[in-house]
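One line per chain: the protein sequences are D and Z, in this order. Residue numbers 1 to 164, in the numbering used here, belong to the letters of the first sequence in order. Residue numbers 1 to 276, in the numbering used here, belong to the letters of the second sequence in order.
These are computed hints drawn from the structure, not numbers from a lab. Cβ coordinates follow ideal geometry from the N, Cα and C atoms, glycine included. Hints are not guaranteed to be accurate.
Below, in silico cross-link-like pairs of lysine to aspartate or glutamate (EDC-like), each with a Cα-Cα straight-line distance of 16 Å or less [to be verified]:
hint : chain 1 : residue 1 : chain 2 : residue 2
1    : D       : K116      : Z       : E43
2    : D       : K134      : Z       : D253
3    : D       : K134      : D       : E88
4    : D       : K142      : D       : E81
5    : Z       : K132      : Z       : D168
6    : D       : K134      : Z       : E147
7    : D       : K143      : D       : D113
8    : D       : K142      : D       : D104
9    : D       : K116      : D       : E132
Computed beta-carbon distance windows for the label pairs [unchecked claim]:
hint : chain 1 : residue 1 : chain 2 : residue 2 : range
10   : D       : L164      : Z       : M163      : 36 to 44 Å
11   : D       : F154      : Z       : A226      : 25 to 33 Å
12   : Z       : A226      : D       : T90       : 34 to 42 Å
One-sided excerpt, in silico: chain Z residues whose CB lies under 8 Å from chain D [unchecked claim]:
hint : residue
13   : P119
14   : N120
15   : G127
16   : T138
17   : A140
18   : T142
19   : Y247
20   : S262
Here is how the chains run, residue by residue.
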Amino acid sequence: MNIEDIRALARLVQETGLSELEIEEKGLRVRISGPRPVEIQTVQAMPPALPMAPAPVAAEAPARPPQASAPERAPIPKADEIPPHWKEITSPIVGTFYRSPAPDADPFVQVGDTVKSDTVLCIVEAMKLMNEIKAEMSGVVKKIMVENAQPVEFGQPMFLIEPL
Amino acid sequence: MTGIPQLDIAHLQRLLHPLRVGRHIRHETVCASTNDLAHAMLEGGAPSGTVVVAEEQTAGRGRFQRAWKSEAGQNLLFTVIVRWPRDGFAPTWLTLAAALSVRQAVEELFHLSPKIKWPNDVVLTLGDGVQKLAGVLTEATTLGPREQGAVVGVGLNVNQVWMPHDQDPERPRVSLASALGRRIDREPLLAGCLASFDEHLTNLSKGHTGDLVAEAQRHLTGIGRAAHVRLPNRSWRGILVGIDRDYHLLLRDEHGEPHCISAGEVLFGSQDLRGG
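Sequences and hints are given; from them, build the entire structure.
Here you go:
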């Protein structure tokens, strides 16, 4: 796979409106996420465990309709202006991000909320397993970086917390 | 509360001795949800292997609070509390371990052949239909810098019998009593489920997931069948191939292209037609 192939795939994702496309070839896996801005991630493919395991095309999508409100649009410093002492809360798994425990429930936290180490920030669902994500620090929620019911990757930042 | 059949917990614990799972059992005639009660107990320090079992749930639920309706004293509604190191196994395995435990107990006790419907259901195939026998709902959390915890909830249809009009045609349920035509003693069945789960937990704590994958592959429903994996904003159609080593579903589309799927609801045959 060369850069032209990847460009062609990126165009395909844009043209078809796919939210994600993942291709594996010779141990190199390329994942392209849409809509714009198109992100291209490459990860080392893992050897398959079962004889029939194919090159995976990940399908990760909401398991329930988005209900909780979208992240607040509070004025946020640009990436290079984020104070270095703010902490990112990242997703420990690939899954779907939920801001509330149920579709009709209030979000766990809002921007501006003060949180403690045991405050639940969100749920990340993977294969119908509900993973509760706690703040694990004391601080103030400065930014919620993922829309409700959207897929998240391993290590993807979900919240910015200013430690107290 | 009179009239509601009650599990004989002393009998159950005799059957389970000396396993860790079931050493502590909290038995409620009625509670909102065994998962919610277990979650509070987990946060309050309850030891791993503690079981919460209820005769009736007033707010029983599946994923995202979907109601789980169960007649009091007829079924098995239980949750196992698990605690383990944060650098240990992924909590996803607990869902599969619980589903396989139910499957194995039912097969051994009743000589039925339940299957796993990816990712969290146990089903029986009766006639041409796949009917849900049990469901698993796992909720995981962190318990400080070194420990994580989960509550693994199971709803297993035992003695409840539904009228046809009570059935959701897209998601038909079946109980052991309706499949076998007789009432079932619940204690040996629960003991069988918990003993099998105890064994899976021991293997998981040693980092062994290969046996779970192999067992799931062996007992997965719908292999070779046309399946439709439905998500709110897209769907996948293809032939169900199996699972991979991370318990993702493998589907081969009409062009022969493989897809590895980590979310969605699997529908087969007539369900598929109805489900659209």
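These are the hints, each one checked on the structure:
no.: 1; hint: D:K116 to Z:E43; in the structure: 15 Å, holds
no.: 2; hint: D:K134 to Z:D253; in the structure: 39 Å, violated
no.: 3; hint: D:K134 to D:E88; in the structure: 12 Å, holds
no.: 4; hint: D:K142 to D:E81; in the structure: 13 Å, holds
no.: 5; hint: Z:K132 to Z:D168; in the structure: 11 Å, holds
no.: 6; hint: D:K134 to Z:E147; in the structure: 13 Å, holds
no.: 7; hint: D:K143 to D:D113; in the structure: 10 Å, holds
no.: 8; hint: D:K142 to D:D104; in the structure: 24 Å, violated
no.: 9; hint: D:K116 to D:E132; in the structure: 14 Å, holds
no.: 10; hint: D:L164 to Z:M163: 36 to 44 Å; in the structure: 57 Å, violated
no.: 11; hint: D:F154 to Z:A226: 25 to 33 Å; in the structure: 32 Å, holds
no.: 12; hint: Z:A226 to D:T90: 34 to 42 Å; in the structure: 38 Å, holds
no.: 13; hint: P119; in the structure: 4 Å, holds
no.: 14; hint: N120; in the structure: 5 Å, holds
no.: 15; hint: G127; in the structure: 27 Å, violated
no.: 16; hint: T138; in the structure: 5 Å, holds
no.: 17; hint: A140; in the structure: 5 Å, holds
no.: 18; hint: T142; in the structure: 5 Å, holds
no.: 19; hint: Y247; in the structure: 6 Å, holds
no.: 20; hint: S262; in the structure: 6 Å, holds
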